[in-house]
Each structure stands twice: as structure tokens, then as C-alpha cells.
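Engineer: Residues per chain, in single letters:
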Amino acid sequence: MDELFGIPMSGIALGSLLATLAILVAVGFIALRNPVMFKMGLRNIPRRPAQTTLIVVGLMLSTLIITAAFGTGDTLTRSVTAEVFQQLGQADELINWDQEEHPAPESEQVIPEELVTELRTTFADDPDIEAFVPFRNQSLPLINTRTNLNEPGANISGYHLEDTDMFGGLVDLDGNQVTLEGNEVAVNENLAEGIEAEPGDTLIGFFQDQPVELEVAAIVPTNVLGGVRDPASLPGGTVSLEFLVELTGNEGVYDGIWVSNTGDEREGLERTNVVMERLEAFLEGTPFHATAEKQDNVAFAEALGNLFTTFFVVLGLFSIAAGVLLIFLIFVMLAAERKPEMGMARAVGAKRRHVVESFLAEGMGYDLGAAVVGLFAGMGVTVVMVAIVNYFGADLLGLDLSASFTWRGLVTAFCLGIIATFIVIFVSSWRASRLNIVAAVRDLPEAPPVNPEQGTWYGLLRAVLNAFAAVGFFLISFIASMRIPDLAPLFAAGMLLGLVGPFIYALRGRSFSAPASERVEGEGIPVWPFFTIVGIPFYLAALLLVRLTRDRRPARLPVWAMVLGILVMPVGLVVAALQERRVPVAWSAGFATLGAILGMFLMQWGMDVGRYFQFTVGFTLIMVWFAVIMRYFHFRERLAFTASGLILLVFWYLPEEALSWLLPEMTGDIEMFFVSGVAVITAATFVVVYNADIVLPVVVRLGSRFSRIVPAIKTGVAYPLTARFRTGMTMAMIGLIMFALVMNASLNTNFENVFLSDEAKGGFDVRVITTPDNPIPDIGTAVDEAGLETDDVRGAGRVLAAMPFEAEVSNIDGRGPVDDDGQPRDFLRYTFLGLNDGFIETADIPLRRLSSAFDSEDAVWEAFRREENLAIIPAQISAEQQGFGEDPMMQDNLLHLDPIEDGFEPFELDLRDPGTGNIETVTVIAQAQEAAGIFFNGIFLREQDLQQAYPGAQNQQYYIALEDGVDSEAFARHLEASLLIASVDSIDSLLDEQRSLQTGFLFVFQGFMGLGLIVGIAALGVVASRSVVERRQQIGMLRAIGYKRSMVALSFIFESTFIALSGIVMGLVLGLVLAWLLFTTGEIGEEAEGFSFIIPWAQLGIIAGIAFAAALLMTFLPARAASRVPVAEALRYE
Amino acid sequence: MSENGSRDVVIEAHQVVKTYDTGLVQVRALNGVDLVARRGDMLAIMGPSGCGKTTLLNCLSGLDEFDSGTVTIDGQDITRMADNKKTEFRAKSMGFIFQTYNLLPVLTAAENVELPLIVSGTRPSEARRRAVAALDKVALADRANDRPAQLSGGQRQRVTIARSIVNDPAIMWADEPTGALDSQTATEIMDLLAEVNESLQQTTIMVTHDPGVAARCHRTIHMADGEILREDSQAEMLAAIGKR
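Line by line, the protein sequences give chains A and B.
If you use this note's numbering, the first sequence closes out at 1144, no skipped numbers anywhere.
If you use this note's numbering, the second sequence closes out at 322, no skipped numbers anywhere.
Source of the hints: derived by calculation from the structure; they are not laboratory data.
Cβ coordinates follow ideal geometry from the N, Cα and C atoms, glycine included.
Heads up, a few of these hints could be off.
Stated by the list, open to error - Here are the in silico distance ranges between beta carbons for each label pair:
| id | chain 1 | residue 1 | chain 2 | residue 2 | range |
| --- | --- | --- | --- | --- | --- |
| 1 | B | Thr265 | A | Glu351 | 33 to 39 Å |
| 2 | B | Gly128 | A | Arg53 | 39 to 45 Å |
| 3 | A | Lys361 | B | Asn109 | 47 to 53 Å |
| 4 | A | Ile433 | B | Val95 | 52 to 58 Å |
| 5 | B | Val95 | A | Ile704 | 33 to 39 Å |
| 6 | B | Asn109 | A | Arg53 | 50 to 56 Å |
| 7 | A | Glu533 | B | Val95 | 56 to 62 Å |
| 8 | A | Ala29 | B | Asp260 | 33 to 39 Å |
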């Protein structure tokens, strides 16, 4: 894994490490400068061990998620890379025939002995090249005569045995040198496992229907010297080149030459670029080319790791967002708890800064502890996830996954966790420090400062000016620089100027910024800005500006000056500095308006570039502004937030077509999953917390039928509605995670139905794969000869396949990789499947798109069977790529077509035979359903048309449809045992393996996202624990007037139930509805068209049940503690 | 005594001992207290801080456990009651007033007042009717839908009084009921408590620092170091504060 969201991992690692060091240095500085406040903060940590544990659990989530995401990426990269190194060993580059540039029949694509000699002579003294090892390959079906097990397509390589010494020699699994004489074969581990081969066994191979006897001399590692041709074809073995030449003829030529770079298998990789340059120069003008096999495969492994890391980070964003909410909530509550002592500290002389420092000290204690716990927990989660994928069938992916971590990944995850938590702690500490001393000492509610300008247009204008000066200028310049890259230098200057703003506000409350008459001696300027290092010049500029303006402030800023200040950045900073420093600023209204302006900008940007991300974020910002401004102008808060919440919900749930008359075509990517979740859950939380009091009396009335619990219900619902902030936060945390889980479960289930339904079988039950050299002329005879009942067979058909390396097709839509001139290639590769009459008659492959020439699927198949040169394309050929960063499959040289609509005009494709360069033209008349792509992923032609276009195609498969009730597995087993030279499988079993793998991935995704539930549940625990402390006296009173212990406990349980159920229902409903909308409208994949939406009730029930049970369990302890509060003691408690 | 002797004994405490264990030292808060209160009694408990006034009130009302001795209320020994039974007993027979009001901030005045009724199983509509009636008695019927934060200190204490009388309890316990109020409001509250005591013939036990408040009660018990030093009649208290 070397990239995340396109940013190099090394950059992320270095940046996060430096930021973490800066944080630690700053905290260390605080500890040295003010040890009393620092200790005051730190000593709070062990005061309540249970609460501290909950906080650490909540805070560790960010680190855990990031560690697990990085761990997954590293595991994949490491596993795939390890396979590459293991399989290629010393081989770094491969020289073979260049089919692209020099089409020729396969039999002619050989390398003469002279080229090997010339290479060895030319590069004899090359310091970067160690060896050239030529080889021959032959695919053979093999049967172990001792075990009767067979392998229908083993790759047998032939080497000059003396050449293998250059690759470290042919050695067995114990490292002993292997020599091969006559018909001796060294079987690789993979093949040996398949046919249970042991040294001394006799294998029978078939070459052109003639048996060949081979003696197993040794079992060797699965690598190029052991007959590995490519990662997709591992079973194989090695014989002496002489034996292979004797068997297949054609002496003095090779299929390829492995090139080994100087150094061991990993060091050699670093020399690839220079070696490739020299080889390409040498091979210039010949029909041969060199490919950087090891480097390409390692790059693929890296890309795969990046893909998975990005994917898991995006999935984890929900949990990280919930974690951030939790951190904020925890610190708001801690601040409330510490209010009297903080007030007292302030009363006896502690400055606001000291309060922040004390909180920071405490917060960093939790932060560091949580990062360490999160790191190890994240590693544990990775191990579990890898184990699950392995259990459910990683072998289907051809991978042997074992969890592995890199120092870089671990350090980055640790640092990012610390940074994320620190930022939230800093913001909440700052918020906590702004307390009214008297209110804090007496533990009274905080009264907002009186602002005579509140609710006036003048006040709003001033608020906007301040929002612009504080952060707006920087933000606008930053976004504009991305929007208009051509003017980036100008906007960069704007960003730099904008950075002066925050420092003006850092000085605003200080004596330094007061006019002469109010200035006090002894209070200097803040020192902390100097520790920002890069901020020093901006701080100095702010100092100068404040120094110049402090004695020149008008009593009231003129409106024109403020308008000018908003429009012209430098003027804005001066005007902001000129305002009377004691007049309060309506910051929320100012920031909301800034957000709305940015929102409009983003909407326009989104429409312009056709991206939903900018457009929807912009609209959401405008709606937040709407609510805040309504409140600013004293409209009822309930009305303001309910209206904006409802508008947002309608906006997010409007089908794409509903606004198509107004908006241009736009697209969204994986990030929309997260953005939509956050937006709809926030909107729904507004609606619920501001309106639950309307619904709850009904609940209480319903509950009144059970008179014993009425008092508990009454207090249970009254508290959450009064504490809207923490109720809303907790509800949103649970809602967010539920939303993600529900969306994932619903979409997965439905897409599994699309891709892995029984339609994938195409009407067949058994698949028979043969090898080119040993075709089966007639499957009916083979079945008969196997002693199987022919009455059990409903039908059978043959598919002749031209693999991508054998088949070229015109790139009519100009997509896919480009050539050296940056132009789309004229021809790309694809798999073509030639269907014989038996196949066409028996198959039941549904079609998803019919051309205008046909009105039914039957008509298409009928025409396909009768007429020549017609083609049916697979659904996958026009599937849109869903981006998670660079798609490692994009460089596959395969044909990609634009999506087609039903009733499309038939179009032509040119098929070019890479061997001869001959071109045949076919007409596309339909597109097959997605599910067919599981077993029949290729362009369908008639068998005879395929032979015409690609005469070299020899891969043959048979498909057998059985009568109802016939056991396909038993049939396949029996047939394979009889055929010996073919691989026979039950299609049901193959499909089940695919589904099992899909289930494994689903478990991993669900489990990973479900980690976020820990946050929501921890939040409930924190809120409940804190409530017990806060309400101790009230609990005493309740007990005094007759609440039984059980009733007090029940009241707390109801409280959590209300919050948890609201969050769960919110996530469930919003997630399900959005999944249904996206699926049925085809907005996330037109593959779903025509399929009805399935609600995975069982999965959703389990998810909701676990979430609810865990929430109750988490509240149980605080509830029990509440019920056990000693009454008299509680009544004395303050 | 002769006057009270004709009425039923409602509260009888015998040799009540209560010790607080702070871990380092043990503090004997009540050191063998004996006390008798009859129906309609309005009894004040006075003494310096830490003398055990509130502890005595808590032990007598069943809010707190004690080490030894017995407390009998209406002929029932509360030391022999299980927690739930004691809680039910409190809900039906007792009302409480505290210095800091102890109202639930999240409920309205009427909802606060009706809580004891709901706890003892009264139908919600009946509970609301009686809660409003109780608020009416303390002249706050018009503030029934206000939350505590919207009321003044005196009004909050009136709500507390309404809550303590809403279920017609036999005993009202008051811990510094005027401690947080100004003198004018304190007088109004004491008038109200006296009126309630008189009209409902409740037994009122009140802890106070204020001799003026104690002088409104029929009897005043003086405590020091966990023991009862002496008992003054209302006349003696009035004399002591120079109001006779």
C-alpha cells in the first residue's frame, strides 16, 4: 500500500508524525510552564475508573478504524507481493514474442537460440543483469496412476538444467538439489497437492491424444522453475528441455526468456527500470519485447492494497465521524462536571488559557491511552477480518492471506488517531473555558452574553464580516484555488493573507488590543502563536494591524465599511480589527452565512463539473444557514430546525430524475455514501429532537395502561428532551452507524441477488473443461462411456473460447488504456465464446438489452442460432467503474463499451486475429444479463463464426443440463473420474463457493462498520453514567417521595431506550429507503434494473437487535448504580 | 405535654444511634436519640452545623439507615421494613421539603407535584387534578405549566410544599425549608407551612438554623454532638427571640 486517496503514504506518514510531535511538544510545554493546572487535569483521569474506561473505549475508535484499514491494505499488498516474489523468484523480466505489434500464428511466436546467445554475449558484463534463462512451456493433462487423481491443465516447463543454476538451481522443498533425467518431472507443490503426487509416482500425460509417461523425481516449490506460467495457472512441473523437445518437436526455439537482475529476488527489482531500458533498446526492431513481470505484479499488489485501504477508510468514516461526535460529547460533559471547580479556579486567578491547558492535559492523557489501545485493537481487528476472509474462501481469490502490518502504517494510524482526537479536544476545551465564573461556581445554567445587536441586520452583517475575517477569506481562497486552478497563485496569496485573520482574534480579548484608556500593565501578548512556527509571520502581521488600529476604533462600524470589508479581503481584515472589541459577535449566524455563500459556490461548481459531491454539500450548507438565521431572527427554534431538516430529507431522497429538468447530468462516487449518511442523519436528528415532545405524550399515555411504570416513563423521556444537545449527538451516532450497516446489508443482499442468482447457471448444471491438446469430440459419448445414465441429461452444449491473448476487437468507444501518443488504442482484447447449436438450444441465459431489431429474447436467440456473424455482449463490458482511487484492473487492455439502452441500434465490432491480422465483422444484437457473467463472461458468437474469426482458439468447455432431481455433484464426480483428462464441476457447487466468498466479505464489511456501534453504545454509557452523577440529588428526592429502586433504574433504562431506539429506527428507515431508492432507480448501477428490491429482514433484525441489546446492557450498570444511590447521602450531594 | 398527650403518637424514636465511617475516623452523628411526635405536632430541630439535625431527620423518615435503636411511625417499626415497603410507606404517608427545593428541572410544576401520586398508582387524570388543587393551595395554580427554572426561589419552595401535601401525608419532613430564601419569602413559606399543618393536622418535623423559624413551631428540640440537649416550647422560643 503506497497511496491513500491519491496521496503518497510516505507523505501522510511524515506529515502526521510531525503534527503529532508538535502536539506532544506543545503539551510538554504546557506541563513545564504550568504544572499545577496540568496536574489538575491529569489527576482527574483516575477519579472515575469506569468513566475513564468508557472514554478511552470511545476515543480509541478512530485509531482502531484507521489501523484496521491500513492493516487490511498492508495485508493484501504483502500477501500479493509475497506471492509474486515466491512465484517469480529470481526472474525479473520476461522476453517473448510481441503479439500486439507483430501478429503471427501461435506456432510461429517462438524465440530462436541465436537471440539467447546474442543476449548473453551483449550483456555479459552488464552489472545489472545476472542471467538469461530460456524455457519452453506445454500444457498437459496429468493423471497420477497411484491415486487416480488428475489435473486437466498442468503447465510443464522445459529448462536446460544447467541454466536453472542461475536461478539458484532446481531444489526440492527441503532445499536439496534436483536433477532430472529422461522422463523425470519435478512437480510443483500446487500440482502435487491436487493429484497427491509423491516422488516415485508415475504420471500419465496426454499430448495430442497420445499417452506420455512421466516419473515424479521431486516435489519443488511453486515458482517459475517449478512450471508456473502465470499467477492464474499454478499447477505444473518441470522436465528437462531435451525431453520436452522430444515430446513436442521444434528444436532450437523457446517460448520465452526469463531475465534475472543482479541481487536477490527483492534487490533485483530495484534495477528493473535500467534493465528494461537496455533490453528495449536491444530488442528494438525485432518481433520480441520485454515486460517487467515482477515490477508490474508488485505494482498491481500495491494498487490492490491502496484500493482496499481506501475502501475500508471510506467505510470507516462513519465510525470515525461517530467517534468525533463522541469525543466532543464526552468533553462537553466533562466540562459540565468540572464547571464548579473550573469556576473556582477562574475565581482565584486562573486564566481562560489555564482552563484550556488543564483540559488539554486531561484530554491528552485519554488520547494517548486510547491511541495505544486503539492501535492494538485495530491490529486485532485486522487479524480477525483476515481470518474471516480466509475461512470463507480466500483461496478462490488465489491468495493465502496472512495479517501483516508495516511500521509506516502503524505509526501513521497511531498519529492520525492522536491528531483527530486532539483537534476535537482542543475545540471542546476552548468551548469549556468560556464559562461565566459566578454561574460556574454556583453550578447554574450558563446565560448567554447579552448582545444588543442580536436579531438585527446590522448584527448579522458584522457577524458575516467577522466570519470572513476569521476563516472565510482563507476558506474561499482555498476552494477557489481548486475550482480555478489557472489562478492558483493568486488564490494562494489570498490564503496566506487569510491566515492573518485567526491571529487578530487571538489578540482580540487581550489588553494589547485595548485602546490606551483600557490597557492594563503587565499583560503581554499571547506566546503560543510563536510555537506554530509557520504561523509566526502571520501573527506578526496581526500584531502590527492590531497595534495600528487599537486607538482608532470608531464607536460603531459604518455599514459601507463592513460591506467593503466582506467584498475586499485586505480591507476586511482592517475593518475587523477596527471594531469595538467588547461588542459580542453572533458567530453562529456569521459562520452559517459564510457556509451558505460557500454552499452556493459549491453548488455551481458541482453543476459545472457534473459532480454530486459539491452540489449536495453546497445545498446542505445552505439549509443549515436557513435554520441558524431563522433562530438568529428569533423565529421559533423548533420551526427553524424542523423545516430545514425536512427540506434536507426531501432533497436527499428525491430521485435523480425528479430534478433532471433543472440540473445537468451529475455523477457521484463512493464518498456520496458517507456524505449522504451524515446529511440525512443530521437532518433527521433535527426533526426528531425538536419534535419528539409532540409524540412522547402519546407514548406516556400508552404506557399509562401499566401504572407501575408510568413514573419511570415520565422521567425517562423528560430528561432526554431537555438535554437536546447530548440526546441529538448520541442519537446521531447510533443513527449514523445503523444507516451504514443497513445500506451495506441491503445493497449487498440485492446485488448478490443480481449477480449470484441461479440465473448465473445459464440453465446448466455441470461444467467440463478440457485442454487444447486433448479435446473431447462428443460429450454425449463421454457421458455414455462413463456409465452415466444419458436419460439424466436434459441437454448439453459446447463453448469454444478465444482467450484475450488470442482475440482482438475494435475499440469502438475509444475507452481504456491509451498508446504512447495518448490516443485510445484501435484494438483491445476480450474473451470470445463460440456457442454450438446444442448450447444455444439448451441454455437459459436471460438478456438485459435487446436491439431495436428484436422484440423478444426468444427472437434474439433464434436469429443468433440461424444467422451468421451476430454477437451478444456481456453486461460487464459496459459496467461503469466505481472508483476507490486507481482501479488496478483499468490497465487490463480489455474492451470497455459505453452503456447501451434497450432498443439500441445494432452495431458492428471488428474482430482481428492477432496471429494473422485477419479481420471479421460481427453485429451486436443484444446484451446478456449480469448473472451470466459469472460463468459465461465473454462476447457470444456462434461456434463456427468464432472459428472463422479466431482459428487458433482451442479452449473448449462443455456444459451439461441435468433433469430435475439428478445430483449434479455426484454426476460431476463420476464423469471426472471417467474422463481423466478434463476438469468436471457441479455449477451449483461453484456458485455456492462464490456466494460463500461474498458472505465472507459481507461479514467483514459489516463487522468493520459495526465497530462504530461501540461508539454509539459507549456514548449511551457515558451519558447515563454522567446523568447518575448529575442527578444524584434528584434521584435522592425521587427515592424520598416514593420511587422504588427498580423504578429509578427503569427510568434510566427508558431514557437510553428512547435514545437508542430513535437512533436505530432513524438509521434503519433512512438507510433502507435510500438503498431502495438507489437500487430501484438504478442510480448506483443499472444492473439492478428489472430486479425487485429485497429487504434483508433477518440481517436487519440481527443488526438492530444487537445494537439495542448492547445499548441496554451499557445502560444497565449506570441504571443499577442510580438505583443504589443512598437516599440521604444523595440529598446532601451538591 | 399534657396538651399533646391526648393525641396519637405518630413518631417514636428510641435510642437511635448512627455512625459515619469515613474510612479514617468514625463519627457518631446520633448518639442514642429518643424522640416522640404526635399528630398535629409542628416540631423544630435546631443546633449547630454538624450536630446531627439532618441525620436525625433522615433516620426518622426512613431515608437513611441507622446502626441501632428503633423508629416507629404510626405504630410501624420502619427498621423492620424492606426497602420497597419503606418506599411505598414514604410515598403514602410522608411529604418532603428540602432547602434546595429538589424539583426535577425537566418537569413542569404540575408534573413535579403529581409525581408522588403517580408513584402510588393514582390515575394520571386524577393525579393532575389533585396536583393543580395542591398548587392552588400554595397560590401557584396559574404557574402549573412552568418549569422550575421559570419560577423564583419562593415559588419553587411553594411547589415543593404542594408536592409534599398532594397525597395528604400524615407527616411532613422539612430540611431547612427557608434556608435559601430571603426573610420576606421565608415568612410567607412558614405561614404556609403552619397553615397546612393546622388545616391538615399533619405532623411536621423541621430542621432549621433559624430561631425565628423554630419559634413558629410548637416545640423545638436543641441538639449538639448527636444528642438532644433540651426541648423548648413555642412560648420559650418566642421569649428567646424576644417576640413575646
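Engineer: Lying within 52 to 58 Å: is that true of the beta-carbon distance Ile433 of chain A to Val95 of chain B?
Structural biologist: For Ile433 of chain A and Val95 of chain B the Cβ distance comes to about 57 Å; the hint holds.
Engineer: Is the gap between the beta carbons of Asn109 of chain B and Arg53 of chain A within 50 to 56 Å?
Structural biologist: Violated: the Cβ-Cβ distance is about 37 Å, outside 50 to 56 Å.
Engineer: Between Val95 of chain B and Ile704 of chain A, does the C-beta distance stay in 33 to 39 Å?
Structural biologist: The hint (33 to 39 Å, Cβ to Cβ) is violated, given that Val95 of chain B and Ile704 of chain A are roughly 54 Å apart.
Engineer: Given a hint of 33 to 39 Å, does the C-beta separation of Ala29 of chain A and Asp260 of chain B actually sit inside it?
Structural biologist: Given range 33 to 39 Å: violated, Cβ gap about 56 Å.
Engineer: Could one say that the CB atoms of Thr265 of chain B and Glu351 of chain A fall in the range 33 to 39 Å?
Structural biologist: For Glu351 of chain A against Thr265 of chain B, whose Cβ atoms are near 36 Å apart, the range 33 to 39 Å holds.
Engineer: Can you tell me whether the CB distance of Glu533 of chain A to Val95 of chain B sits inside 56 to 62 Å?
Structural biologist: 58 Å, holds
Engineer: Go ahead and decide if the range 39 to 45 Å is satisfied by the Cβ distance of Gly128 of chain B to Arg53 of chain A.
Structural biologist: The hint (39 to 45 Å, Cβ to Cβ) is violated, given that Gly128 of chain B and Arg53 of chain A are roughly 28 Å apart.
Engineer: Tell me if the beta carbons of Lys361 of chain A and Asn109 of chain B are separated by a distance inside 47 to 53 Å.
Structural biologist: 49 Å, holds
Hint check: violations occur at hints 2, 5, 6, 8; the rest are consistent with the structure.
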